[in-house]
Amino acid sequence: THFFAHHWDDHNAQHVLAHKLLKDRTNTSAAFHWFRKSADRGHPHSAYNLAAGHLSGYKTDVEKGEVRKLLKFAAKNGVEEAKTLLRELCREKPKHCDL
Numbered sequence: 001t002h003f004f005a006h007h008w009d010d011h012n013a014q015h016v017l018a019h020k021l022l023k024d025r026t027n028t029s030a031a032f033h034w035f036r037k038s039a040d041r042g043h044p045h046s047a048y049n050l051a052a053g054h055l056s057g058y059k060t061d062v063e064k065g066e067v068r069k070l071l072k073f074a075a076k077n078g079v080e081e082a083k084t085l086l087r088e089l090c091r092e093k094p095k096h097c098d099l
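In our numbering, the protein residues as written are 1 to 99.
Don't read these hints as lab results, they were simulated from the structure. Check before you lean on any hint, since a few could be wrong.
Listed below are the simulated PhoX-like cross-link pairs for lysine-lysine, each with C-alpha atoms no more than 25 Å apart in a straight line [unchecked claim]:
hint, residue 1, residue 2
1, Lys76, Lys64
2, Lys72, Lys93
3, Lys69, Lys93
Could you build the full structure based on these sequences and the hints that come with them?
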């Protein structure tokens, strides 16, 4: 998996590798590094995981205002968890949402 994630820049392999790293809890910063790379290449579940991880307090490189963008992308691409989380966030802070 690491070979395909790194050398072939495959966003699916990057997503799988990130999940493995997060599940093992041995290197969460590396997990979110791979979620970022995968999300930047258009993987909707990685976009959701990056945003959700940031909101859960994991150290990520998510910038201010980016959570909503990541969740909207994931939701638009069929990630139901992203739709739910986006609705919850917008209910709590409606002025930040333009659904």
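Structure-based check of all given hints:
1. A hinted pair counts as satisfied when its Cα atoms are at most 25 Å apart, and Lys76 with Lys64 qualifies at roughly 21 Å.
2. A threshold of 25 Å between alpha carbons decides the hint, and for Lys72 with Lys93 the separation of about 15 Å falls inside it, so the pair holds.
3. Between Lys69 and Lys93 the alpha-carbon distance is near 15 Å, which keeps this suggested pair within the 25 Å criterion.
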